[in-house]
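Undergrad: Just so you know, the protein sequences line up as chains A and B, in that order.
Quick note: the first sequence uses my numbering, first residue 1, plus one each step.
Quick note: the second sequence uses my numbering, first residue 1, plus one each step.
Because the hints were derived from the structure by calculation, they are not lab data.
One thing to keep in mind: the hints can contain errors.
One copy or two, either will do: identical chains are not told apart, so a pair holds if it fits within one copy or between any two.
Straight-line C-alpha distance at most 20 Å; calculated SDA-like pairs for lysine to any residue [claimed, not checked]: (1) K150 x G82; (2) K104 x R148; (3) K4 x Q79; (4) K150 x E88; (5) K125 x T99.
From a predicted model like this one, the values you see are computed outputs, not experimental measurements.
Protein chains: 2
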Amino acid sequence: MVDKPIQDYYPEETAVCMGCGRNNAHGLHIQTFWDGEEGVARFTPQPHHTGYPGLVYGGLLASLIDCHSIGTATAATYQAEGRAPGSEPQIGYVTGTMTVTYLKPTPIDAALTLRSRVTELTPRKAIVVTTLYAGDQEAVRGEVIAVRMKLT
Amino acid sequence: MVDKPIQDYYPEETAVCMGCGRNNAHGLHIQTFWDGEEGVARFTPQPHHTGYPGLVYGGLLASLIDCHSIGTATAATYQAEGRAPGSEPQIGYVTGTMTVTYLKPTPIDAALTLRSRVTELTPRKAIVVTTLYAGDQEAVRGEVIAVRMKLT
Numbered sequence: 001m002v003d004k005p006i007q008d009y010y011p012e013e014t015a016v017c018m019g020c021g022r023n024n025a026h027g028l029h030i031q032t033f034w035d036g037e038e039g040v041a042r043f044t045p046q047p048h049h050t051g052y053p054g055l056v057y058g059g060l061l062a063s064l065i066d067c068h069s070i071g072t073a074t075a076a077t078y079q080a081e082g083r084a085p086g087s088e089p090q091i092g093y094v095t096g097t098m099t100v101t102y103l104k105p106t107p108i109d110a111a112l113t114l115r116s117r118v119t120e121l122t123p124r125k126a127i128v129v130t131t132l133y134a135g136d137q138e139a140v141r142g143e144v145i146a147v148r149m150k151l152t
Numbered sequence: 001m002v003d004k005p006i007q008d009y010y011p012e013e014t015a016v017c018m019g020c021g022r023n024n025a026h027g028l029h030i031q032t033f034w035d036g037e038e039g040v041a042r043f044t045p046q047p048h049h050t051g052y053p054g055l056v057y058g059g060l061l062a063s064l065i066d067c068h069s070i071g072t073a074t075a076a077t078y079q080a081e082g083r084a085p086g087s088e089p090q091i092g093y094v095t096g097t098m099t100v101t102y103l104k105p106t107p108i109d110a111a112l113t114l115r116s117r118v119t120e121l122t123p124r125k126a127i128v129v130t131t132l133y134a135g136d137q138e139a140v141r142g143e144v145i146a147v148r149m150k151l152t
């Protein structure tokens, strides 16, 4: 269980990501809350996040899955190594491959919830599967192969 | 060969997409030029399109692949049906599944070029494969299964 979003533990100088960086003024500020078993993110789309009229843009949904999967992999790895989030050496991942399946249209006025789990964890990579809900409707699925990198 | 971006032929009321809608003031304005064989898009990242410092955000790269693949599928289908782009009934697609493979980091100061081809076209769907170049370096690959929809 992590008390604040895992992104708040990312190093100051790398926290500029358009998706999840707290230091990107134009970013989406995606936040991943790790509950010990899964990563949970909530997001409220803005009107300009539209794809077809009335629906959320698929590229935005892919962005949510991207950053939230990396956040989930990071939090899960700190836990697997029995370490406090943000402790040195920092744990970091990059996205190797991302697959997004759009099951249903996602209404722009829906509250979005992403739930992610790590299904495979090795010293070199993590596989993260995500379900994105629009309200309580399953709308999108994601799978990310996250590749571990050296941050420090 | 299409004389202007295929997105310029999208119906006025649906051209609000955050990725490629000409009527979205906050959008990326992705443009797909169809040359008769492939769709070509060029994009210059802005400083806030960063992921890790100095690199383009993966979610933005996925967005480019998303809209450009749909644009390519649309242009290719008009051609396959021997029709002028934008002619009635309008041809439209939505993204069913998108897979993005990040081969190399994409520098934020690189000029990006996407080249997409339709590898399978049926009345119900198109499969579009994309290579994204940073300068002349192959950096990202995409595959989109585009599902045909009725727009009119």
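Undergrad: If a hint holds in the structure, say so; if it doesn't, say that too.
TA: Status of each hint after checking the structure:
| no. | hint | in the structure |
| --- | --- | --- |
| 1 | K150 x G82 | within (18 Å within a copy, 53 Å between copies) |
| 2 | K104 x R148 | between (32 Å within a copy, 14 Å between copies) |
| 3 | K4 x Q79 | within (14 Å within a copy, 52 Å between copies) |
| 4 | K150 x E88 | within (11 Å within a copy, 54 Å between copies) |
| 5 | K125 x T99 | both (16 Å within a copy, 18 Å between copies) |
Hint compliance for this structure: no hint is broken.
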